[in-house]
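We have chain S; now place chain Y onto it with these hints.
Single-letter residue listing:
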Amino acid sequence: MAEKKTPMQEFTKGILRENPVLRLVLGTCPTLATTTSLESAIGMGLSAAIVLVCSNIVISALRKVIPQKVRIPCYIVVIAGFVTVVQMLVKAFLPALDEQLGVYLPLIVVNCIILGRAEAFAGKNRVLVSALDGLGMGVGFTAALIVMGGVRELLGSGTLLGFSVLPDSIAPMTIFVLAPGGFFVFGMLMACANRLAERKGKPKATLGCMGCPLAETCSSAEKAACANLKEGK
Amino acid sequence: MKIFLSILLTAILTNNYILSKFLGICPFLGVSKKLNTAVGMSAAVIFVMVLATAVTYPLNTLLENYGLGYLQTIVFILVIAGLVQLVEIVLRKYIPALYKALGIYLPLITTNCAVLGVTILNIDNGYTFAQSMVNSFGAGVGFLVAMVMFAGVRERLESCEIPKFLEGLPITLIAASLVSLSFLGFSGLVEGIFA
Chain S
486 MAEKKTPMQE FTKGILRENP VLRLVLGTCP TLATTTSLES AIGMGLSAAI VLVCSNIVIS
546 ALRKVIPQKV RIPCYIVVIA GFVTVVQMLV KAFLPALDEQ LGVYLPLIVV NCIILGRAEA
606 FAGKNRVLVS ALDGLGMGVG FTAALIVMGG VRELLGSGTL LGFSVLPDSI APMTIFVLAP
666 GGFFVFGMLM ACANRLAERK GKPKATLGCM GCPLAETCSS AEKAACANLK EGK
Chain Y
5 MKIFLSILLT AILTNNYILS KFLGICPFLG VSKKLNTAVG MSAAVIFVMV LATAVTYPLN
65 TLLENYGLGY LQTIVFILVI AGLVQLVEIV LRKYIPALYK ALGIYLPLIT TNCAVLGVTI
125 LNIDNGYTFA QSMVNSFGAG VGFLVAMVMF AGVRERLESC EIPKFLEGLP ITLIAASLVS
185 LSFLGFSGLV EGIFA
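Taken in sequence, the protein lines are chains S and Y. The first sequence maps to residues 486 to 718 in the working numbering. The second sequence maps to residues 5 to 199 in the working numbering.
These are computed hints drawn from the structure, not numbers from a lab. Hints are not guaranteed to be accurate.
What the hints assert, rightly or not - Simulated pairs of lysine-lysine, BS3-like, Cα-Cα distance not exceeding 27 Å:
no., chain 1, residue 1, chain 2, residue 2
1, S, Lys687, Y, Lys168
2, Y, Lys104, S, Lys689
3, S, Lys554, Y, Lys104
4, Y, Lys97, S, Lys689
5, S, Lys554, Y, Lys97
6, Y, Lys104, S, Lys685
So here's chain S without its partners, still in its complex pose (with noise of 0.2 Å):
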């Protein structure tokens, strides 16, 4: 982390090297319960996107006036009012993706990867970067979801973006659309990210403390909770 990276480099890390979702292990919750089919998944990263970009610059806007102790609150006051924002403005125009996302859109709030970023980058960076690399990390998230989504609407219902892709011979296995489905797939991505990590001689990822947004809370006699948070292979 210690090199200088160019406005670019910013942007493009979210997208492949330091995804979100697939490196990082941020937002597993949304990944998994918002991808069972195409459009909802890109409903949720591109929301998700948005309030990530705003949240960036509003709060590294902020940094220099937030006071250390109570940046958490005030990082978290930010980021749900961007998410009330789009949670309005979804409702207003878009009541069918409101219906299939649900009680996910609300929950954009504790979202990790938001907070994760807040606490991360836009904190202690300038705007731009901190609006890059917003944008960077909503891609990659999108891109991620809309992986994930593909692979469990084509094998659970047959269909991509609600049009029928696989022949009638070919029965679509439900299973993929439920619960379990999403976390074998999500499993197996997990697996592919790795290997091409490991190619590149990266070392896998992890839960770890690493993009935890509460890390630093956990000190001294937090550190029992933590250090477990940091085995979870």
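The following block gives chain Y in isolation, referenced to the frame of chain S:
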């Protein structure tokens, strides 16, 4: 009475928050490595879920009365974050034994989507206050059941020979998929009992 039992069983078995609603996956994958941490974390989650519902439900009625329903998301997350801090301080001062057992997990719960999720779902489902409390308790117990079961599975995984490309997170996710598959077997159970 029947409706309370049905809500409780639905929250624990058929609509398990982790395994079928995918809420709280981070602690599910992260803290389930040892049985005792899994139990401690789940106990803290049950506690916070019930408390958060008790506080947010009346608050939501208040917001609706003044036509401020759109503030729900902001108010809920702030109340939960504040509540968790408060609980931590009170426990540390007055019940140190409980703080020792649950305290370490409290900061991790603030951004746990299962807690915010349960408070929002209670309102979306149109539950009464009593029903909401039962649902929150059930969701917490469902969390505990899933965590404990999965901790057992992971302890067995430790001693297994795993194909190299699945080592680490992938095999954990596939194990989670199988545990979740077993919970699919409960679907229709609650309706069957109370039909």
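To see whether the hints hold, each was checked on the structure:
1. S/Lys687 x Y/Lys168: holds (16 Å)
2. Y/Lys104 x S/Lys689: Answer violated: Y/Lys104 to S/Lys689 is near 34 Å, above 27 Å.
3. S/Lys554 x Y/Lys104: Within the cut-off at roughly 24 Å; holds.
4. Y/Lys97 x S/Lys689: violated (42 Å)
5. S/Lys554 x Y/Lys97: Holds, because 22 Å separates the two Cα atoms, which is no more than 27 Å.
6. Y/Lys104 x S/Lys685: violated (44 Å)
In the structure shown, a violation is registered for the earlier hints numbered 2, 4 and 6, in ascending order.
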